[in-house]
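A.B. asks: Spelled out, the chains give:
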Amino acid sequence: MQFKLNITQVVNDMLQAAIPHLAKGGQQASEFASHEFQQFIINIEHIQTMAEEGKVSDEEAQFLVDQYKLSIKAVLLAVEGLGVIAAQKAINAALDVLKNALNAALGAAFKSIKFAI
Amino acid sequence: MKIRKLSNSCVAALATLSIMILASCASIQLIAPYDERIENGITELQKNTTEFFVKIERQGGSDNNDYNNHVEFYDNSKVAMKCLLIRAGATAQNEKTEDQISLLMEKYESLEKQHKTIGLTPYTIPSLEASFDQIFRAILTLEVAKKELNEEKEGE
Numbered sequence: 005m006q007f008k009l010n011i012t013q014v015v016n017d018m019l020q021a022a023i024p025h026l027a028k029g030g031q032q033a034s035e036f037a038s039h040e041f042q043q044f045i046i047n048i049e050h051i052q053t054m055a056e057e058g059k060v061s062d063e064e065a066q067f068l069v070d071q072y073k074l075s076i077k078a079v080l081l082a083v084e085g086l087g088v089i090a091a092q093k094a095i096n097a098a099l100d101v102l103k104n105a106l107n108a109a110l111g112a113a114f115k116s117i118k119f120a121i
Numbered sequence: 003m004k005i006r007k008l009s010n011s012c013v014a015a016l017a018t019l020s021i022m023i024l025a026s027c028a029s030i031q032l033i034a035p036y037d038e039r040i041e042n043g044i045t046e047l048q049k050n051t052t053e054f055f056v057k058i059e060r061q062g063g064s065d066n067n068d069y070n071n072h073v074e075f076y077d078n079s080k081v082a083m084k085c086l087l088i089r090a091g092a093t094a095q096n097e098k099t100e101d102q103i104s105l106l107m108e109k110y111e112s113l114e115k116q117h118k119t120i121g122l123t124p125y126t127i128p129s130l131e132a133s134f135d136q137i138f139r140a141i142l143t144l145e146v147a148k149k150e151l152n153e154e155k156e157g158e
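Chains as they are written, first to last, in this note's numbering: chain A, 5 to 121; chain B, 3 to 158.
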């Protein structure tokens with residue numbers, strides 16, 4: 005019976021399968037975060053301008069800033085979630101490679117068994 | 003006869019081992035699956051909230067005396083939020099969406115308090131609308147990403 009599994013090759017293949025998912029997921033999370041943080045800064049600056057011009061009271065300005073704080077916390081949670089999704093995709097892609105390699109190795113091992121029935 | 007027994011037990015052991023190894027290589031799940039009801043619920047809330055802000059903006063703001071005319075909006079939003087929060091909490095590994103919905107709930111509570119005590123002046127409306135849009139976008143971005151994950155899995 006022969007169980008041939010090239011560990012180095014499998015590890016390399018697993019990495020190759022995982023990396024694109026991490027890269028794509030990372031890019032998606034980064035683009036989303038960058039856009040939302042920019043919006044956050046623009047909006048906070050706008051509130052500051054309105055307060056300086058007397059269009060909104062200090063109390064109203066604080067209320068608006070607090071509203072944005074809650075929104076940006078939800079943005080951060082979304083970014084975290086996108087990261088988790090990317091990690092899940094990467095791990096599963098790597099596991100898939102491992103599963104196929106094991107299947108192939110086990111298949112070859114079973115083929116060489118001579119059943120003595 | 004002995005050889006046959008040995009060979010059979012060897013095959014059985016290998017089969018068990020292979021099943022165990024393959025089972026350990028099954029896919030993992032780190033985040034809750036996509037939930038259509040969450041996406042639809044948030045989209046509906048977003049629509050109602052936008053309608054509310056458009057109405058307030060059109061009437062040139064809303065002071066605390068006018069608050070009573072909008073109680074229905076706050077009540078409906080609270081009910082919808084509670085339903086979504088319970089729904090999200092009922093699914094394992096859904097803490098991020100659950101926390102996002104809790105933050106949205108906090109926003110409605112803060113908005114209602116402001117409306118009830120001070121009122122909503124015209125200059126605050128665009129900023130408020132933009133801040134609500136941002137949180138809706140955040141919740142939907144995560145939910146849509148989960149949807150794509152589900153679709154990819156089904157496609158395999």
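These are calculated hints, taken from the structure and not from any lab test. Just to be clear, a hint being listed does not mean it is correct.
Claimed, not checked - Partner residues aside, some chain A positions facing chain B, computed with beta carbon under 8 Å:
#1 Val15
#2 Met18
#3 Ala21
#4 Ala37
#5 Phe41
#6 Glu56
#7 Leu68
#8 Asp70
#9 Gln71
#10 Leu74
#11 Lys77
#12 Asn96
Stated by the list, open to error - Listed next, the in silico PhoX-like pairs over lysine-lysine satisfying Cα-Cα at most 25 Å (straight line):
#13 Lys118(B) with Lys59(A)
#14 Lys149(B) with Lys77(A)
#15 Lys28(A) with Lys149(B)
#16 Lys155(B) with Lys59(A)
#17 Lys149(B) with Lys59(A)
#18 Lys73(A) with Lys8(A)
#19 Lys155(B) with Lys73(A)
#20 Lys155(B) with Lys77(A)
#21 Lys84(B) with Lys118(B)
#22 Lys49(B) with Lys155(B)
#23 Lys49(B) with Lys149(B)
#24 Lys155(B) with Lys103(A)
Note that this is a predicted model, so its numbers are computed, not measured. Just so you know, even glycine gets a beta-carbon here, dropped at the ideal spot from N, CA and C.
A.B. asks: Determine for every hint whether it applies to the structure shown.
C.D. replies: Tested hints:
1. Val15: 14 Å, violated
2. Met18: 11 Å, violated
3. Ala21: 13 Å, violated
4. Ala37: 10 Å, violated
5. Phe41: Nearest chain B Cβ about 11 Å off; hint violated.
6. Glu56: Violated, about 12 Å.
7. Leu68: 5 Å, holds
8. Asp70: For Asp70(A), the interface hint holds, since the closest Cβ of chain B sits about 6 Å away, which is under 8 Å.
9. Gln71: Since the shortest Cβ distance to chain B is 4 Å, the answer is holds.
10. Leu74: Hint on Leu74(A): holds, closest Cβ of chain B at ~5 Å, below 8 Å.
11. Lys77: 5 Å, holds
12. Asn96: Constraint on Asn96(A) satisfied, holds at 4 Å.
13. Lys118(B) with Lys59(A): Distance of about 20 Å is within 25 Å: holds.
14. Lys149(B) with Lys77(A): Judged against 25 Å, a Cα distance of about 22 Å means the pair holds.
15. Lys28(A) with Lys149(B): With Cα atoms ~16 Å apart, Lys28(A) and Lys149(B) stay inside 25 Å; holds.
16. Lys155(B) with Lys59(A): 52 Å, violated
17. Lys149(B) with Lys59(A): Given pair Lys149(B), Lys59(A) is violated - Cα atoms ~42 Å apart, limit 25 Å.
18. Lys73(A) with Lys8(A): 56 Å, violated
19. Lys155(B) with Lys73(A): 35 Å, violated
20. Lys155(B) with Lys77(A): Outside the cut-off at roughly 29 Å; violated.
21. Lys84(B) with Lys118(B): Status holds; Cα separation ~21 Å.
22. Lys49(B) with Lys155(B): Distance of about 31 Å is beyond 25 Å: violated.
23. Lys49(B) with Lys149(B): 21 Å, holds
24. Lys155(B) with Lys103(A): The given pair, whose Cα atoms are some 16 Å apart, holds under the 25 Å limit.
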